[in-house]
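*Asks:* Protein chains in written order, with the numbering used here: chain A, 2 to 339; chain B, 15 to 443.
No lab work stands behind these hints: they were computed from the structure. Treat the hints loosely; a few may be bogus.
What the hints assert, rightly or not - Here are the simulated DSSO-like pairs of lysine-lysine, each with C-alpha atoms no more than 30 Å apart in a straight line:
hint, chain 1, residue 1, chain 2, residue 2
1, A, Lys188, B, Lys108
2, B, Lys336, A, Lys188
3, B, Lys371, B, Lys336
4, B, Lys174, A, Lys48
5, A, Lys220, A, Lys267
6, B, Lys407, B, Lys174
7, B, Lys382, B, Lys174
8, B, Lys414, B, Lys174
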Amino acid sequence: MARMNMVQALNSAMDVMLARDPRVVVLGEDVGYFGGVFRATDGLQRKHGQHRVLDTPIAEGGIIATAIGMGVNGLKPVAEIQFADYIYPGYDQVVSELARLRYRSAGDFSAPVTIRTPCGGGIRGGQTHSQSPEAIFTHVCGIKVVMPSNPYDAKGLLISSIEGDDPVVFFEPKRLYNGPFDGDPHKPAVPWSAHVRGEVPEGHYTVPLGRAEVVRPGKDVSVLAYGTMVHVAEAAVRATGIDAEIVDVRTMAPLDVDTLCTSVCKTGRCVVVHEATRFSGYGAELVATVQEHCFWNLEAPVQRVTGWDTPYPHAFEWDYFPGQARIAAALRQVMEAA
Amino acid sequence: MTPRSRLHVPEPPARPGQEPDFSYVQISPAGATPRPDVTATAREIEPLALGMVRVLDEEQRAVGPWNPHLEPGELQVGLRHMLLTRLFDDRMQKIQRQGRISFYIKSTGEEAVAVAAGMALQPTDMLFPSYRQQGLQVLRGRNLVDLMCQCLSNTHDMCKGRQMPIMYHWGSGNIFSISGNLATQFPQAVGWAMAAAIKGEDRIAASWIGEGSSAEADFHYAMTFAAVYQAPVILNLVNNQWAISTFQGFAGGEHKTFAQRGPGYGIPGIRVDGNDFLAVYAVTQWAAQRARQSGGPTLIEHVTYRAAAHSTSDDPARYRPKEEWRAWPLGDPVTRLKQHLIALGEWSEERHAQLEKELEAHVTACWKEAESYGTLTGGPALDPLTMFEDVLKEMPPNLKEQQRELRALREAEGTGRATTPSSSAAGKG
Ligand SMILES: Cc1ncc(C[n+]2csc(CCOP(=O)(O)OP(=O)(O)O)c2C)c(N)n1
Ligand SMILES: [Mg+2]
Numbered sequence: 002m003a004r005m006n007m008v009q010a011l012n013s014a015m016d017v018m019l020a021r022d023p024r025v026v027v028l029g030e031d032v033g034y035f036g037g038v039f040r041a042t043d044g045l046q047r048k049h050g051q052h053r054v055l056d057t058p059i060a061e062g063g064i065i066a067t068a069i070g071m072g073v074n075g076l077k078p079v080a081e082i083q084f085a086d087y088i089y090p091g092y093d094q095v096v097s098e099l100a101r102l103r104y105r106s107a108g109d110f111s112a113p114v115t116i117r118t119p120c121g122g123g124i125r126g127g128q129t130h131s132q133s134p135e136a137i138f139t140h141v142c143g144i145k146v147v148m149p150s151n152p153y154d155a156k157g158l159l160i161s162s163i164e165g166d167d168p169v170v171f172f173e174p175k176r177l178y179n180g181p182f183d184g185d186p187h188k189p190a191v192p193w194s195a196h197v198r199g200e201v202p203e204g205h206y207t208v209p210l211g212r213a214e215v216v217r218p219g220k221d222v223s224v225l226a227y228g229t230m231v232h233v234a235e236a237a238v239r240a241t242g243i244d245a246e247i248v249d250v251r252t253m254a255p256l257d258v259d260t261l262c263t264s265v266c267k268t269g270r271c272v273v274v275h276e277a278t279r280f281s282g283y284g285a286e287l288v289a290t291v292q293e294h295c296f297w298n299l300e301a302p303v304q305r306v307t308g309w310d311t312p313y314p315h316a317f318e319w320d321y322f323p324g325q326a327r328i329a330a331a332l333r334q335v336m337e338a339a
Numbered sequence: 015m016t017p018r019s020r021l022h023v024p025e026p027p028a029r030p031g032q033e034p035d036f037s038y039v040q041i042s043p044a045g046a047t048p049r050p051d052v053t054a055t056a057r058e059i060e061p062l063a064l065g066m067v068r069v070l071d072e073e074q075r076a077v078g079p080w081n082p083h084l085e086p087g088e089l090q091v092g093l094r095h096m097l098l099t100r101l102f103d104d105r106m107q108k109i110q111r112q113g114r115i116s117f118y119i120k121s122t123g124e125e126a127v128a129v130a131a132g133m134a135l136q137p138t139d140m141l142f143p144s145y146r147q148q149g150l151q152v153l154r155g156r157n158l159v160d161l162m163c164q165c166l167s168n169t170h171d172m173c174k175g176r177q178m179p180i181m182y183h184w185g186s187g188n189i190f191s192i193s194g195n196l197a198t199q200f201p202q203a204v205g206w207a208m209a210a211a212i213k214g215e216d217r218i219a220a221s222w223i224g225e226g227s228s229a230e231a232d233f234h235y236a237m238t239f240a241a242v243y244q245a246p247v248i249l250n251l252v253n254n255q256w257a258i259s260t261f262q263g264f265a266g267g268e269h270k271t272f273a274q275r276g277p278g279y280g281i282p283g284i285r286v287d288g289n290d291f292l293a294v295y296a297v298t299q300w301a302a303q304r305a306r307q308s309g310g311p312t313l314i315e316h317v318t319y320r321a322a323a324h325s326t327s328d329d330p331a332r333y334r335p336k337e338e339w340r341a342w343p344l345g346d347p348v349t350r351l352k353q354h355l356i357a358l359g360e361w362s363e364e365r366h367a368q369l370e371k372e373l374e375a376h377v378t379a380c381w382k383e384a385e386s387y388g389t390l391t392g393g394p395a396l397d398p399l400t401m402f403e404d405v406l407k408e409m410p411p412n413l414k415e416q417q418r419e420l421r422a423l424r425e426a427e428g429t430g431r432a433t434t435p436s437s438s439a440a441g442k443g
């Protein structure tokens with residue numbers, strides 16, 4: 002086992018797949034010679050060649066559209082969109098084309114495209130380097146949507162995404178690239194090397210899509226979270242001393258209803274956490290699912306802890322970020338309810 | 015062997031450790047490119063897309079039909095704006111390195127593209143820049159304190175703490191809000207110009223886009239709408255050879271000049287020496303006059319070089335020769351204008367050094383004032399509760415509720431001020 006941070010784990014996933022499968026190609030802005038602005042593709046072009054790891058023109062619509070064309074012609078493209086905040090010029094190609102190709106051609110055509118993109122805040126990136134737009138993709142039928150919370154899952158989920166025959170939008174919480182950030186920016190950064198999930202096999206392995214994971218068992222309340230918020234929730238749970246069960250959703254679509262609802266039915270209480278804005282956010286889907294499946298087991302109204310319904314403000318990052326204090330408050334509130 | 019297709023992957027002429035090589039940059043001699051009448055047809059103007067308008071010759075004398083014959087006083091003003099822009103950039107970069115602002119982008123080596131072009135326009139003309147034309151703010155007389163306060167996200171920040179550094183806006187100065195999303199401003203400028211024409215105004219619009227960003231579909235929208243409606247707009251494409259780590263070949267520059275895209279849409283395309291203050295001024299003046307006379311849009315390719323890193327998050331030594339900028343064949347815009355003025359007998363090294371000192375002192379004084387309105391770590395701070403304002407004109411109920419929630423949370427925590435640790439990650443655009 003090697004120690005890897007999330008960037009290295011993602012790099013390793015692409016490296017393994019480029020070596021194993023000649024159909025795999027990696028493309029995106031600055032991903033080739035330079036190795037990506039977050040270094041996720043560092044060294045891949047040197048190792049696998051200029052025809053397998055491509056720098057592209059600056060055109061997200063072009064990147065996704067050509068990836069679709071490549072996918073239709075037998076390749077397995079892994080496209081990087083430099084920031085999730087810049088995915089919108091490619092949105093039409095995702096929604097109208099990539100997501101519906103299999104359906105509209107009754108299975109005659111499909112494109113196994115994986116779109117990787119860094120998301121989330123906490124790096125002082127302001128409104129154009131901090132967004133978490135997962136909900137506008139989970140609302141589209143015909144794509145899978147993934148967000149890992151640690152290096153081990155990141156590599157295994159990315160390999161599953163590339164190996165699968167369906168399109169995947171793969172969100173990478175950039176605040177987790179270097180370590181398991183617990184929501185407290187005043188504490189010194191913790192590296193992944195000190196975390197069990199920073200232990201990553203060098204070779205091929207998979208973590209299946211569509212499976213959530215209980216990362217902390219507990220009996221009092223279920224916390225449903227993904228990405229950075231898994232670690233923030235863990236810290237909040239520690240701080241409150243409440244015996245919460247934390248479920249890392251991992252794949253937002255298709256959703257592992259079983260794991261989530263088994264937990265909530267057991268604990269009878271639920272807090273849903275995400276960094277994205279609240280209104281029509283992915284949390285609404287989780288809450289609705291819990292209500293449908295666990296209503297008769299619920300002891301308290303389900304709570305949502307999310308980013309506010311504003312763009313991500315540069316100066317007020319930590320007032321915006323749904324940190325430990327807000328999660329702890331929600332935990333106490335669901336515990337207090339009769 | 016049976017013929018088969020093979021993928022072409024553009025490669026820059028030199029990578030780290032190699033000799034810089036700019037032999038691919040086609041350069042015309044100063045004064046050699048003819049100046050058509052502003053009423054000429056797009057077809058008559060076509061050759062300008064291949065050549066290069068240049069006014070300053072090797073001795074930095076102004077020659078040829080494009081010489082705008084500016085008064086020495088105007089040239090001195092131009093020099094002052096370019097120098098101030100450069101010193102401001104240098105200072106802000108240093109300040110970022112000290113961790114006192116989170117991010118910065120310099121325009122070093124490209125000052126003429128903003129300053130000369132802006133000076134050739136009317137103050138009432140509307141500008142839609144990218145993030146690398148701070149020279150426009152400087153030449154329109156923006157108080158540097160305002161720009162610094164924006165970079166500091168402090169109590170005098172025009173963006174109220176919502177934007178990363180350099181994302182300025184200036185409504186009353188007719189400079190649009192800078193977007194972090196590339197290329198979006200280009201077609202918006204066309205729409206603004208269409209509105210001016212609809213309203214029958216004399217104002218025109220100008221926009222700037224990087225050569226790398228010209229790959230975005232927005233570039234095509236801008237060109238098509240501008241051509242269809244003959245919008246009174248100047249579309250500046252800043253070809254500084256690099257887009258973060260990818261050279262201009264990745265934007266299609268290997269096969270044609272960027273200016274040549276103009277004729278493809280039926281729009282005049284002019285390729286200009288972007289480091290030649292007089293040439294940039296002259297082509298802008300030409301395009302502005304044409305636009306004001308219902309002659310429609312012009313695409314101007316400014317051939318220049320991004321002498322600095324892409325941003326403070328970038329390290330160009332990873333992808334281009336360290337000393338590449340020294341080999342850039344079109345020199346430095348500040349030095350060239352300075353030499354020109356000296357050749358005219360209207361400037362001297364002593365006066366230049368004097369001016370530099372004066373402007374340095376000005377920048378220092380501005381920074382001092384800016385800091386007094388708050389820094390990332392101390393002094394007066396913006397109220398975080400203002401983050402809920404301006405989402406909509408009137409605050410909707412959900413935001414009122416969230417504002418209340420944050421207020422209560424802050425009171426419970428007894429938070430006096432928002433402390434703001436600096437960033438950890440690289441890579442910001
Ligand atoms: C839509 C979008 N995609 C990607 C980015 C990230 N990005 C910021 S600047 C940049 C390079 C732009 O290069 P160019 O257009 O040549 O302008 P220059 O930086 O050279 O002035 C990239 C890829 C972005 N800001 N917006
Ligand atoms: Mg450029």
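*Asks:* Does each hint fit the structure? Answer for all of them.
*Replies:* Here's how the hints hold up against the structure:
1. A/Lys188 with B/Lys108: 26 Å, holds
2. B/Lys336 with A/Lys188: 36 Å, violated
3. B/Lys371 with B/Lys336: Status holds; Cα separation ~28 Å.
4. B/Lys174 with A/Lys48: The hint is violated at about 46 Å.
5. A/Lys220 with A/Lys267: 7 Å, holds
6. B/Lys407 with B/Lys174: Cα-Cα ~15 Å, so holds.
7. B/Lys382 with B/Lys174: Holds. B/Lys382 to B/Lys174 sits at ~20 Å (cutoff 30 Å).
8. B/Lys414 with B/Lys174: Status holds; Cα separation ~18 Å.
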